[in-house]
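**Student:** Sequence:
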Amino acid sequence: MADELSREVDRELEELKRRQAKELEEFERQRRERLEKFEAGEQEALQAFEKREVSEVQAFVEEARRELMIKIDRHEFTVHKPHMTGAELRDLPKPPIGTDRDLFEVVPGGSDKLISAEEIVKMRDGLRFFTAPARINPGVSR
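Heads up: the sequence shown begins at 0 in numbering that gives the first Met the number 0, then just goes up one per residue.
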């Protein structure tokens, strides 16, 4: 009877080992599938990111090549930057615009805008600027 009980326990133990082995195989199969799906998704996301990055770089290069015509005190200047500071604009004329003069952006139909040296101006074709004395003393004749 003890032998029979021992054999029964051994059979149950073997059956349990087989079930555990099957469960482990199934778990590993599912893990591999999830990992493959994840990696495929990551690969797609990376390709989409790289495609966007390439198009953004191309757009940046095209923007940098673009020539924009602006005027400062009725003199034309060709610029290639999408944005320029007031200081960069002041350096375009030769000699550069001195500190004794203010730089203004012409605002059609509105008040002209004083451009400080640190201010960043978005460039566009046909943009116009003018300079005026920085200090005006009313009643003083020259």
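In short, the hints are calculated from the structure, not lab data. Values in this document were obtained by computation on a predicted structure and should not be read as measured data. Ideal Cβ placement from N, Cα and C applies to all residues, glycine included. Hints should not be assumed to be uniformly reliable.
[Said to hold, decoys possible] Think about it this way: if two alpha-carbon atoms lie no more than 30 Å apart in a straight line, the pair counts; the simulated DSSO-like pairs of lysine-lysine are: (1) K36 x K80; (2) K112 x K80; (3) K50 x K21; (4) K112 x K50; (5) K93 x K80; (6) K50 x K16; (7) K93 x K121; (8) K36 x K21; (9) K21 x K70; (10) K80 x K70; (11) K36 x K70; (12) K50 x K70; (13) K112 x K70.
[Stated by the list, open to error] Here are the simulated distance ranges between beta carbons: (14) K36 x V56: 24 to 32 Å; (15) G40 x R17: 30 to 38 Å; (16) E75 x G40: 51 to 59 Å; (17) A86 x V56: 55 to 63 Å; (18) G109 x E75: 54 to 62 Å.
**Student:** Which hint numbers does the structure go against, in order from smallest to largest?
**Tutor:** Hints 1, 3, 4, 6, 9, 11, 12, 17 and 18 are the ones this structure does not satisfy, whereas the remaining hints hold.
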